[in-house]
Amino acid sequence: MNTHLFHVTRSGAAGLLFAAFACLIVPLVVGSFWLSVFTSTACFALAAAGTAFMYARLGMVSLTQVGLMGVGGWVMLRLNYAYGLPFEVNLILASLITMIFGMILALPALRLRGLYLALVTLMAAGGLEIIFATFQFPNGGGGFWGVETGRTPFMARPIVAVSDAAYLRYTVCVTTFGFLLIEMARRLNPGRAWAMIRRSEAAAMAAGINVTLYKTIAFALAGLIGGLAGGLLAGSLGLLDGGTFRASESIMVFALTVVGGARYWLGVVIAAALFRIVPALLNNWGVDADLSFVIFGAGLLHAVITAPNGIAGQVLDVVTKKAAKPTPSIDPSQISAPTVQTAKTSDSTIEIDGIKVQFGGVLALNNVSACMAEPISGIIGPNGAGKTTLMNVFSGFVASKSGSISVDGFDLGSLSPHQRSEWGLRRSFQKEEISEDLTVAENVRVQIDTTRQSAADKKAEVARALAYVGMTTKARTSGADLNTFERRLTDIAKCIVGAPKLIMLDEPAGGLSIQETNALGDLILGIHAQTGAHVLLIDHDVDLIARVCSQTLVIDFGVPIAFGPTHAVLSDPKVKAAYLGTEEFAS
Amino acid sequence: MARNTLINVALYVCAMTLIILLLGWGKPSKVLGLFFVSGLAVGSLYALGGIGLVVLYRATGVLNLANGAAGAAGAMTAWQLAQWQIWPPIAWLSSILVALLISLFYGRLIAPLLAWREPVVKAVATLGFALIILGLVSFIWVDDPRSLTLPTDKIGVRLLGLRVTVTRLIVFGTSIALVIGIWAYLKYTAIGLQMRSLANDRDLSALIGIPILRVETIAWTLSGVIAGFTGLMFGDLIRLEPTVITFMVIPSIAAAICGRLEHLSLVLIGGLSMGVIESLLTLSPLLKGVRPVAPFAIAALVLLWYQRGNRLTFGGGD
Numbered sequence: 001m002n003t004h005l006f007h008v009t010r011s012g013a014a015g016l017l018f019a020a021f022a023c024l025i026v027p028l029v030v031g032s033f034w035l036s037v038f039t040s041t042a043c044f045a046l047a048a049a050g051t052a053f054m055y056a057r058l059g060m061v062s063l064t065q066v067g068l069m070g071v072g073g074w075v076m077l078r079l080n081y082a083y084g085l086p087f088e089v090n091l092i093l094a095s096l097i098t099m100i101f102g103m104i105l106a107l108p109a110l111r112l113r114g115l116y117l118a119l120v121t122l123m124a125a126g127g128l129e130i131i132f133a134t135f136q137f138p139n140g141g142g143g144f145w146g147v148e149t150g151r152t153p154f155m156a157r158p159i160v161a162v163s164d165a166a167y168l169r170y171t172v173c174v175t176t177f178g179f180l181l182i183e184m185a186r187r188l189n190p191g192r193a194w195a196m197i198r199r200s201e202a203a204a205m206a207a208g209i210n211v212t213l214y215k216t217i218a219f220a221l222a223g224l225i226g227g228l229a230g231g232l233l234a235g236s237l238g239l240l241d242g243g244t245f246r247a248s249e250s251i252m253v254f255a256l257t258v259v260g261g262a263r264y265w266l267g268v269v270i271a272a273a274l275f276r277i278v279p280a281l282l283n284n285w286g287v288d289a290d291l292s293f294v295i296f297g298a299g300l301l302h303a304v305i306t307a308p309n310g311i312a313g314q315v316l317d318v319v320t321k322k323a324a325k326p327t328p329s330i331d332p333s334q335i336s337a338p339t340v341q342t343a344k345t346s347d348s349t350i351e352i353d354g355i356k357v358q359f360g361g362v363l364a365l366n367n368v369s370a371c372m373a374e375p376i377s378g379i380i381g382p383n384g385a386g387k388t389t390l391m392n393v394f395s396g397f398v399a400s401k402s403g404s405i406s407v408d409g410f411d412l413g414s415l416s417p418h419q420r421s422e423w424g425l426r427r428s429f430q431k432e433e434i435s436e437d438l439t440v441a442e443n444v445r446v447q448i449d450t451t452r453q454s455a456a457d458k459k460a461e462v463a464r465a466l467a468y469v470g471m472t473t474k475a476r477t478s479g480a481d482l483n484t485f486e487r488r489l490t491d492i493a494k495c496i497v498g499a500p501k502l503i504m505l506d507e508p509a510g511g512l513s514i515q516e517t518n519a520l521g522d523l524i525l526g527i528h529a530q531t532g533a534h535v536l537l538i539d540h541d542v543d544l545i546a547r548v549c550s551q552t553l554v555i556d557f558g559v560p561i562a563f564g565p566t567h568a569v570l571s572d573p574k575v576k577a578a579y580l581g582t583e584e585f586a587s
Numbered sequence: 001m002a003r004n005t006l007i008n009v010a011l012y013v014c015a016m017t018l019i020i021l022l023l024g025w026g027k028p029s030k031v032l033g034l035f036f037v038s039g040l041a042v043g044s045l046y047a048l049g050g051i052g053l054v055v056l057y058r059a060t061g062v063l064n065l066a067n068g069a070a071g072a073a074g075a076m077t078a079w080q081l082a083q084w085q086i087w088p089p090i091a092w093l094s095s096i097l098v099a100l101l102i103s104l105f106y107g108r109l110i111a112p113l114l115a116w117r118e119p120v121v122k123a124v125a126t127l128g129f130a131l132i133i134l135g136l137v138s139f140i141w142v143d144d145p146r147s148l149t150l151p152t153d154k155i156g157v158r159l160l161g162l163r164v165t166v167t168r169l170i171v172f173g174t175s176i177a178l179v180i181g182i183w184a185y186l187k188y189t190a191i192g193l194q195m196r197s198l199a200n201d202r203d204l205s206a207l208i209g210i211p212i213l214r215v216e217t218i219a220w221t222l223s224g225v226i227a228g229f230t231g232l233m234f235g236d237l238i239r240l241e242p243t244v245i246t247f248m249v250i251p252s253i254a255a256a257i258c259g260r261l262e263h264l265s266l267v268l269i270g271g272l273s274m275g276v277i278e279s280l281l282t283l284s285p286l287l288k289g290v291r292p293v294a295p296f297a298i299a300a301l302v303l304l305w306y307q308r309g310n311r312l313t314f315g316g317g318d
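Protein chains in written order, with this note's numbering: chain U, 1 to 587; chain R, 1 to 318.
By construction, these hints were calculated from the structure, which means they are not laboratory data. Careful: at least some of the hints might be erroneous.
Some chain U residues close to chain R (C-beta under 7 Å, calculated; not the full set) [as the list claims (entries may be wrong)]: (1) Pro108; (2) Leu115; (3) Val120; (4) Ala247; (5) Ala255; (6) Asp288; (7) Val294; (8) Gly297.
Below are the SDA-like pairs computed for lysine to any residue, each with C-alpha atoms no more than 25 Å apart in a straight line [stated by the list, open to error]: (9) U:Lys401 - R:Asn4; (10) U:Lys356 - R:Arg3; (11) U:Lys401 - R:Arg3; (12) U:Lys431 - R:Ala115; (13) U:Lys401 - R:Gln307; (14) U:Lys431 - R:Leu207; (15) U:Lys458 - U:Met184.
Bear in mind that the values here come from a model prediction, so they are computed numbers and not experimental data. Every residue gets a Cβ at the ideal spot worked out from N, C-alpha and C, and that includes glycine.
Please build the complete structure, drawing on both the sequences and the hints.
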């Protein structure tokens with residue numbers, strides 16, 4: 001939420017204090033060797049921050065970060081020697097060019113995830129490593145393409161930071177700026193979108209998030225940050241060497257970020273310190289710096305196996321003694337849905353016409369047609385009947401081989417999943433898809449992030465939806481701390497914001513007690529009066545269906561076997577047979 | 001499905017022919033043959049590394065980034081024993097043995113702790129192990145130019161007018177034999193059947209009583225042996241340096257990607273093609289410098305080609 005944009009958390013305050021300490025005190029007390037080590041540590045902290053947010057916020061493993069840093073450094077040096085522009089101009093150009101590189105890298109990433117994404121970024125890092133070896137770093141020499149070795153070249157530094165001590169201050173300031181940039185993105189639309197993408201791409205699309213766009217933004221940001229870091233490193237050393245930007249270093253930085261704790265600024269700083277300071281210390285003590293690999297490796301194994309939040313997570317657990325004062329859980333009997341109204345408030349209809357879906361040799365849906373005009377319709381059928389597949393066709397996740405779905409004569413087929421959400425399609429999933437990184441209010445807010453409304457209107461709308469489902473007291477609670485019922489309620493709230501036209505609920509009562517199911521039923525009954533939207537409900541709880549839905553479609557093995565008023569459908573012998581197995585039980 | 005395979009094969013043949021024609025145009029056939037053969041040898045190494053990775057990944061779900069490091073430890077041990085004038089066959093075998101022990105150590109003691117985590121996490125953990133081995137190996141054998149020679153380097157065979165060393169023949173032959181051998185093993189033995197079942201669905205296999213621990217141990221053993229052999233051959237044919245051999249795992253991954261981390265024959269074809277293209281690129285004055293990019297570029301393209309038309313919607317599997 002916008003009001004929280006400038007809110008300083010305690011951890012954030014500690015981070016700023018640390019930056020101030022590194023900026024003001026450290027340059028006064030250390031010698032020139034350590035000045036250079038700390039400057040490079042700050043540069044790598046900045047680069048690692050890019051890897052860290054990708055991993056912690058989007059769940060994407062990017063192994064190209066140090067390669068991107070190299071791109072930034074390369075451009076920086078070339079510009080420096082070729083044109084003699086001021087340092088800042090070069091730095092900005094270098095970061096922008098690296099950002100474009102990052103976006104190119106995003107192209108394959110849009111179709112890949114998990115291990116394959118990590119591997120393709122590793123391939124990119126391997127490629128960059130060799131390209132650096134071919135188109136060498138300049139280190140002096142004339143013109144843009146000049147290369148010269150064996151002399152210490154002149155590297156322009158910012159006017160305000162010519163000495164080594166001043167340059168360390170400068171680097172710390174820029175690094176802090178980079179951290180704040182990432183934090184800002186996290187608190188705005190991109191952050192909410194990333195959290196949903198991390199949870200599930202399907203849920204993100206259903207919430208109206210343009211997954212392609214926000215993934216590209218993430219890669220662009222990581223590229224920008226990497227380029228900035230590379231440019232700063234170039235300014236510190238004046239010359240760079242391809243060996244600094246090997247693919248193995250990219251892997252190492254990622255690994256150390258995991259060790260440090262990718263979710264926290266402290267974790268990123270620890271990662272950079274391990275990467276740059278530990279080898280320097282070992283060198284100082286006359287120990288073979290190769291041993292630092294052993295420390296890194298052991299740290300990585302330790303972190304992966306026992307400490308999912310890294311060293312920083314463990315430190316924070318000790319420092320902040322869980323001030324646990326959880327708000328009481330939502331009591332279903334306290335939820336008072338407004339007077340139940342099922343009267344139709346509009347004449348709109350949903351037309352499902354000849355939908356056919358095939359997965360390999362399985363005909364998941366065969367010629368499903370129905371015309372639903374009632375405010376709340378149900379879809380029932382045994383497990384594997386194709387109910388959820390039908391919803392996925394509605395959402396645009398699964399393509400139908402023939403047929404169409406239209407609402408009020410508007411054919412949904414031409415829209416991508418997130419466009420359908422903008423049009424007014426809402427859905428919940430069997431497994432409730434609530435992002436654990438966001439608060440309840442933010443989880444609901446994601447759904448209307450793309451609509452053209454003022455921030456205040458959006459806020460009011462979220463508050464209204466939460467009030468409707470009785471979750472007002474939980475608005476600030478993190479998604480991770482909700483119980484199943486509260487997650488289901490949040491799902492409902494998410495479905496009713498932003499002028500929905502069709503709301504699909506996939507087994508919303510799954511895992512709920514009888515009282516909870518009743519409260520949920522009340523809420524569902526009130527949705528049409530509240531929003532004017534159609535509701536499509538899949539559930540195995542026949543009592544709930546009978547109570548809530550005016551008409552019901554029954555699917556068995558992908559074929560519609562009955563459709564009509566709910567009570568008539570439920571007493572149909574064919575339906576009973578489909579549910580109970582054989583005719584004998586169907587009396 | 002069949003049509004897809006046909007398209008892939010046609011595309012591959014066209015691309016390979018085109019590349020070879022483009023790069024080899026106007027060069028004497030002898031030169032071309034020379035680069036082709038040396039490319040096949042390098043490609044076999046990529047393929048061998050890739051096969052080791054895929055065999056293990058299929059059976060255990062672990063993409064073992066420490067394979068290269070295990071190979072490096074093996075190759076360095078072999079070199080050390082050779083320095084101590086130990087009977088050569090023992091030195092060579094020690095390479096395989098050391099890699100095998102390292103692989104088994106991880107497979108039996110560390111991997112089970114991560115059995116239920118996602119593939120990326122498992123891969124990242126093996127990276128930690130790789131770093132430990134690399135650190136220790138580089139600590140024991142400080143940077144020095146070393147070389148490892150096998151007696152087969154000196155024996156040459158004339159093939160179509162070209163002299164080919166027996167070492168290269170061994171590497172090439174082993175990679176093909178391994179693919180056929182493992183294919184037969186998976187197809188005709190009980191353990192092979194169980195491995196395929198594990199690769200298909202771990203949870204279900206556990207439920208129907210597949211002895212997971214035993215099958216996995218065999219997979220770790222197999223991949224350890226392959227890693228040791230590959231490390232030894234790499235040390236002989238290319239360079240004996242721990243860091244280089246350790247990160248040879250990156251082009252091996254490229255080869256493994258060509259087989260979608262699944263099909264050994266495709267890994268072999270992919271690895272060999274990468275080696276050949278990389279080697280032939282030497283003929284082009286323009287692309288000579290970026291020659292080692294070839295495996296990465298090829299793998300990235302192949303991955304994109306495989307993923308075309310795929311849409312990412314649902315969570316879970318990669």
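For each hint, the structure was consulted:
The beta carbon of U:Pro108 comes within 6 Å of a beta carbon in chain R, closer than 7 Å, and the hint placing it at the interface holds. Nearest Cβ of chain R to the Cβ of U:Leu115: about 4 Å, under the 7 Å cut. The hint holds. Below 7 Å, beta-carbon pairs count as interface contacts, and U:Val120 has one with chain R at about 6 Å; its hint therefore holds. About 6 Å separates the beta-carbon of U:Ala247 from the nearest beta-carbon of chain R, less than 7 Å, and the hint is met.
With a cut of 7 Å, the hint placing U:Ala255 at the interface with chain R holds, because the nearest CB-to-CB distance is about 6 Å. Satisfaction of the interface hint for U:Asp288 is found here, the shortest Cβ-Cβ separation to chain R being roughly 5 Å, below the 7 Å cut-off. Hint status for U:Val294 relative to chain R: holds, with the closest Cβ pair at about 4 Å, below 7 Å. Checking U:Gly297 against chain R: minimum C-beta separation of about 3 Å stays under 7 Å; hint holds.
At roughly 19 Å between alpha-carbon atoms, U:Lys401 and R:Asn4 fall within 25 Å of each other, so this suggested pair holds. Using a Cα cut-off of 25 Å, the hinted pair U:Lys356 and R:Arg3 holds, with the two alpha carbons roughly 23 Å apart. Restraint check for U:Lys401 and R:Arg3: the C-alpha separation of about 19 Å stays at or below 25 Å, so the hint holds. Straight-line distance between C-alpha atoms of U:Lys431 and R:Ala115 comes to about 24 Å, which keeps the hinted pair within the 25 Å bound.
A C-alpha spacing of about 21 Å is found between U:Lys401 and R:Gln307, which places the hinted pair at or below 25 Å, so the restraint holds. Using a Cα cut-off of 25 Å, the hinted pair U:Lys431 and R:Leu207 holds, with the two alpha carbons roughly 24 Å apart. Annotation: proposed proximity of U:Lys458 to U:Met184 holds, straight-line Cα distance about 19 Å (limit 25 Å).
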